[in-house]
Each structure stands twice: as C-alpha cells, then as structure tokens.
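**Q** Given chain A, work out where chain B should sit, using these hints.
These protein sequence lines are chains A and B, in that order. Using the numbering used here, the letters of the first sequence correspond one by one to residues 432 to 763. Using the numbering used here, the letters of the second sequence correspond one by one to residues 432 to 763.
A couple of the hints might just be wrong.
[Said to hold, decoys possible] Per the computed footprint, the stretches of chain A lying under chain B, defined by three or more beta-carbons under 8 Å from a beta-carbon of chain B, are: (1) 524 to 531; (2) 655 to 667; (3) 694 to 701.
The set of hints was computed from the structure by calculation and includes no laboratory data. Source: prediction; values computed, not measured. We put the CB at the ideal spot given by N, CA and C, even for glycine.
Protein chains: 2
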Amino acid sequence: MAHDALIIDNLQYANWSPKIFQQMQEGGVSAVHVTIAYHEQFRETVSNIEQWNRYFEAHSDLIFQGFTGDDVRRARREGRTAIYFGFQNPSPMEDDLGLIEVLHRLGGRFMQLSYNNQSLLATGCYEAEDPGITRFGREAIAEMNRVGMVIDMSHSAERSTLEAIEISSRPITITHANPHEWHPALRNKSHEVLNALTQAGGMFGFSLYPHHLKDGSHCTRESFCQAIADAAAKYGARSIGIGSDLCQDQPDSVVTWMRNGKWTRNMDFGEGSASAPGFPPQPNWFEDNRDLPNIAEGLSQVGFSQAEIDGIMGENWLRFYDMSFEPTQSAG
Amino acid sequence: MAHDALIIDNLQYANWSPKIFQQMQEGGVSAVHVTIAYHEQFRETVSNIEQWNRYFEAHSDLIFQGFTGDDVRRARREGRTAIYFGFQNPSPMEDDLGLIEVLHRLGGRFMQLSYNNQSLLATGCYEAEDPGITRFGREAIAEMNRVGMVIDMSHSAERSTLEAIEISSRPITITHANPHEWHPALRNKSHEVLNALTQAGGMFGFSLYPHHLKDGSHCTRESFCQAIADAAAKYGARSIGIGSDLCQDQPDSVVTWMRNGKWTRNMDFGEGSASAPGFPPQPNWFEDNRDLPNIAEGLSQVGFSQAEIDGIMGENWLRFYDMSFEPTQSAG
Numbered sequence: 432m433a434h435d436a437l438i439i440d441n442l443q444y445a446n447w448s449p450k451i452f453q454q455m456q457e458g459g460v461s462a463v464h465v466t467i468a469y470h471e472q473f474r475e476t477v478s479n480i481e482q483w484n485r486y487f488e489a490h491s492d493l494i495f496q497g498f499t500g501d502d503v504r505r506a507r508r509e510g511r512t513a514i515y516f517g518f519q520n521p522s523p524m525e526d527d528l529g530l531i532e533v534l535h536r537l538g539g540r541f542m543q544l545s546y547n548n549q550s551l552l553a554t555g556c557y558e559a560e561d562p563g564i565t566r567f568g569r570e571a572i573a574e575m576n577r578v579g580m581v582i583d584m585s586h587s588a589e590r591s592t593l594e595a596i597e598i599s600s601r602p603i604t605i606t607h608a609n610p611h612e613w614h615p616a617l618r619n620k621s622h623e624v625l626n627a628l629t630q631a632g633g634m635f636g637f638s639l640y641p642h643h644l645k646d647g648s649h650c651t652r653e654s655f656c657q658a659i660a661d662a663a664a665k666y667g668a669r670s671i672g673i674g675s676d677l678c679q680d681q682p683d684s685v686v687t688w689m690r691n692g693k694w695t696r697n698m699d700f701g702e703g704s705a706s707a708p709g710f711p712p713q714p715n716w717f718e719d720n721r722d723l724p725n726i727a728e729g730l731s732q733v734g735f736s737q738a739e740i741d742g743i744m745g746e747n748w749l750r751f752y753d754m755s756f757e758p759t760q761s762a763g
Numbered sequence: 432m433a434h435d436a437l438i439i440d441n442l443q444y445a446n447w448s449p450k451i452f453q454q455m456q457e458g459g460v461s462a463v464h465v466t467i468a469y470h471e472q473f474r475e476t477v478s479n480i481e482q483w484n485r486y487f488e489a490h491s492d493l494i495f496q497g498f499t500g501d502d503v504r505r506a507r508r509e510g511r512t513a514i515y516f517g518f519q520n521p522s523p524m525e526d527d528l529g530l531i532e533v534l535h536r537l538g539g540r541f542m543q544l545s546y547n548n549q550s551l552l553a554t555g556c557y558e559a560e561d562p563g564i565t566r567f568g569r570e571a572i573a574e575m576n577r578v579g580m581v582i583d584m585s586h587s588a589e590r591s592t593l594e595a596i597e598i599s600s601r602p603i604t605i606t607h608a609n610p611h612e613w614h615p616a617l618r619n620k621s622h623e624v625l626n627a628l629t630q631a632g633g634m635f636g637f638s639l640y641p642h643h644l645k646d647g648s649h650c651t652r653e654s655f656c657q658a659i660a661d662a663a664a665k666y667g668a669r670s671i672g673i674g675s676d677l678c679q680d681q682p683d684s685v686v687t688w689m690r691n692g693k694w695t696r697n698m699d700f701g702e703g704s705a706s707a708p709g710f711p712p713q714p715n716w717f718e719d720n721r722d723l724p725n726i727a728e729g730l731s732q733v734g735f736s737q738a739e740i741d742g743i744m745g746e747n748w749l750r751f752y753d754m755s756f757e758p759t760q761s762a763g
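Chain A on its own, in the form it takes in the complex:
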C-alpha cells in the first residue's frame, strides 16, 4: 500500500490553511518543503516565518517545523507533517553572505541561486545570456555548503546550473522541474544537466505544475509516471523524488507577483501567456496532498519495484536531507 510508504513532497507553495494541513495528514505526507520567499528580502522573509510560527502553534496536531532528516522520521511516527523552509530566489540573503547562516538557523534548508532573472549569484532561465556563477555566487555556494543550506537550481539557466553542480562541494538539487526531453518547456532540464546533477549525487524532483507537464493540465498519470521511468533508466531511480510545485488555492494575482516581483512596469507572463495568464488547472489525478499516493500507484503500473517506489515517494529525499542539512564538519 502506497499509503504506508514514506511520502515527501519537496516543493509546494499553497495558499496555506488548516484544510491543506489536514489534507497533508490524510495523504500520509510526512514532510513538505514549502517556499517561504519568492522575492522577499530578509525582513519580509522573517515576517513569513512569523506567520508559519502561528501555523505551527495553532495546528500542532498536524504540522511542525522540520530542521533535520530525523524530523521526517518523527513526523511519520506521530502522523504529522514536518515543514521545511526554502527560498526560490536568493532575495532573503540580500547582498549579505552572513545572512546565509542566519537563515539556516531560522530553518532555511533550500535556496535557489536565481529565479527566472539574473541574480547576484547566478542566471535565471529567462535571461538571453547566461554567464554562469558570479564572483559573489562562488562565495555563496561555499557558505551554503558550509552551513548546510541546499543549492536549488530549478529556475536557473543551463550554464549556471552546470557550474553550480561543479563548484558545490556537496550534492545540489533541482527540486521541481521535468526532463526537457519529455516536455520541452524552457523550465524543464536538459539531459546534460540531469546527468551532471545525478552523477554528482544530486536529487531531481518531478514537478506536477501543468506548464512543466506534457499535454499540460491534460497530462495523464501514465505519461507522468512513464517520464519518471524513462528518467530512472538514465539517471537511476535513487536520484529521483517528487517536488510537485503545488500552488493549491492561490489566486491568480500570486502567479502575476511570482513572475513580475517589483522588477518591471510591464507584464511578464512567464510560462503563461496574455490569453492564459493565470494558474493552469491541475490534472484531475493530482489536485492536492491526498493525491500523492496516486503517484505511487502510477509508478507501480509502469513497472517500478516497491523499493524504487518507496525511494521516489520519500526515502530518496530523506537520504538527501540526512546528508545535506548539517554543517560541514570542521577538519581535526
């Protein structure tokens, strides 16, 4: 039974509510990596943490903040969900290397080096040019490695991603994207990137955001699970997990803000278009956290073994958490 296996969703950005926390429990989801900053700078990110502290206080029967891999095991034992914080942009660290350690202490465990546009650290996938990791970016990678903050290149451009994999002394991740070979969206990742990522011990999270899916909102569960099977054949099932990119219950104003932040007076439609500017509808087989066990069932139907399914649904992320969230041990 998929319900009995460990389940981790390594990327969600829902319009959080008790209903959603309840659905996490019903879906048997032991851990969720939640985005707490897209464009927010440090102080605004702290305000978002304050909001999460109120959620943890009010809904302690359902959720608590996760800091280590062991918190996943605790969540599973207790039938709750451990919530891990992450940032889709380095905006929370502003221009200040020292904020990485502070953000890690506050629970930040994943940070994208860029989000669509050029950042101080790396290039985003919508820029015309990709010069790779910047001078500041090299310093930030070393500091993230040191303190135990995972480098996420989901929205970064190709060369920057390959360089981050190369420069980082610890495995990195792409938390939410799909193979470009399956669906050639700009945000999906090339074979070269996926190969380098997984060869270096990194993790790749499959996304269920319709713009990343072949046939979009009409993508079938079989097509999605077969894409995972094809990737597993190339990169190994142990390098794959789920990062659904579920944006449940968000109004369309939120996707407009994600794309436009405060950087433009014009309208950037990102993966959408003027005629379809909003959030696309989810496939009917993945609408909320209760549908995560559906994926396990689909993986079984495309021929994965139970051990492989357990890995993809959660054990692979847990192994990655165990090796990624602690500071590097000092020599001696």
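**A** Same frame as chain A, now just chain B:
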C-alpha cells in the same frame, strides 16, 4: 584665471568634514557629485541622506543640496558648493523598480548599474564574464531615463557599458575613469567604449585616483593633462570633465569595505594588492579641492583654449546636468 571659471568635480567620496567643505569653497568648486552609497541598500542610503541633511544644516554657509543645473549657477553666485547625490551601485534601489523615482525625489542624480561585481542590472568590471544588460536592467534604464536619473558605467564591464549606451534613450556617463590607452588598468575604458559614449552625447570624467593614473601616485600633472588632450582630440573636448574620485581623509578600512562589501569571507584587494591594500597616496599636485584650479593651469600648458578649459573644468558637466536631471516630458 582658472579660479574665475566654473568648477565642477563630478565624483568625490571624502570623509566629509567642515574642513573639506571649506576647501571646496577655497577651490572655487561650485558643484560636487558625492557618492552616498557603495553597498548600502535603501534604508541605509536614507540614513546617509539624513547625515547630509545635518551637514547642510550646520554648514549652510558653504554647501547646499543640488537638484538641478540651475543650482550650480546659484552656488556660483553665492560662493557656495552644490552637492549632488549619486550611488556607485544599484543597491539603494534593491530589487524594486519603483525606488528609482523615490531616490530621484530624494536627490539621487547618478547611479552606477554595477560596481565591480555582477548586479541585478549589469556586469561589473571584475567578473570573468559579461552577459550585458539583464532583463531587469532594461527596465531600470527605461525608468532612469523617465525620471531623470543618470546612468553611470564607471565600474561596469565592457559589453554591459556598450549595451547601456545603446539602450538608454538619454546620454549616459562614465563619471570617473581614464582611457585604457593611456593607462591599461582594468577600470580604465577602451577606445570603443569612449567613442560610443561620446558619440551618443555622453560625458567622460577624468579620474585622479592613483590606480587609474599612469605612474600611479607619481603621475605628473603634465602627463594627466596630456591624456585629456589626447582624448579631446579623439572624442571632443566638450565630452570631457573631471570626476576626481577623491577619497580624502578616508581610513584604509573604507577601501576594504568598498571592495568587499558583505559579499565575501575572503579579502578582495581590487585595484590594490596584498602588499599595498590601502588607499594609494594622491599625486602632490592634487590632494584636495583647493588643487582643482591646478588642473585648469595644466590644461592651458598642454594647449587647450580658455573655452575648452572652461568646458572641461565645469561647463560641460553643467550642460549635461541641464539636460539630464529633469523627467522626460510626456508626449502631448
């Protein structure tokens, strides 16, 4: 007499004091563009403006804040110095396009799109790669053009500079640098850049910072003035002014901060070196504002006409101020 001509120094970052304001008056300096941010973000920049407000209050017999070209004329009439604010990095606008207009209202008149490193807008001259103006950078240039904030590319890389000249609808500037052909420092500018800048109506300010000078602290006044004459022959004397980069009375901790900001745990020596990490000594013919008339004398000795000298010493910058600081007129 050079003393009777209008004098504008379009870049200083001194350790401000009544002594220096007095020296501005003694030198007959009617306007100085002062750096009020290297790495400061918006709120810190506002604190620096508060400090300047205290200077304006305490030393109103010597200085006042300049907003328009006419404030230079007023300063000259009254024997005072008009102080214009500028930023050597886009850090004061953070990630927020709307802050450009706010900063202009507060008196910001010049903003560099990058300072040595990659910024959100453009590339700095110390990066290994220069991808040119970013998506956000194009938006920022349009907004700076709209509100009347001048684009300064003094510390930017070659391609980014050429693209900024091309993209900007109004003339831009390099406030403080010298021709690379005269002294091949990384910060000095190529013929291609100087040609494109001045062909587009932009202004080039000659620097007296020793790392930008041939023979450094031992550079002679004749050599400096001949470099101006050589540039005038190529680009026209009306495109040239002075941007001394005078960092008078600053402790060496300040140049360390300029170079390292908060972006590295290592030590970046910039134009210096481990054996010479501090501010280099000024040439003995240019140590403070009282020496600006010396330059006019030197220009005369290398053959400039009085009209050309008046232009280089101040009238060229004043003409540029007049056409640059007002918002673009709306059509109709």
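**Q** With reference to the structure, classify each hint as holding or not holding.
**A** Against the structure, the hints come out as follows:
Residue count for the stretch 524 to 531 of chain A with a Cβ under 8 Å from a Cβ of chain B: 5. That meets the three needed, and the coverage hint holds. Coverage of the stretch 655 to 667 of chain A by chain B is violated [criterion: at least 3 residues with CB-CB distance below 8 Å; count 0]. Against chain B, the stretch 694 to 701 of chain A contributes 4 residues with a C-beta closer than 8 Å to a partner C-beta. That satisfies the three-residue criterion, and the hint holds.
Hint 2 alone, counting from the list given before, is not met by this structure.
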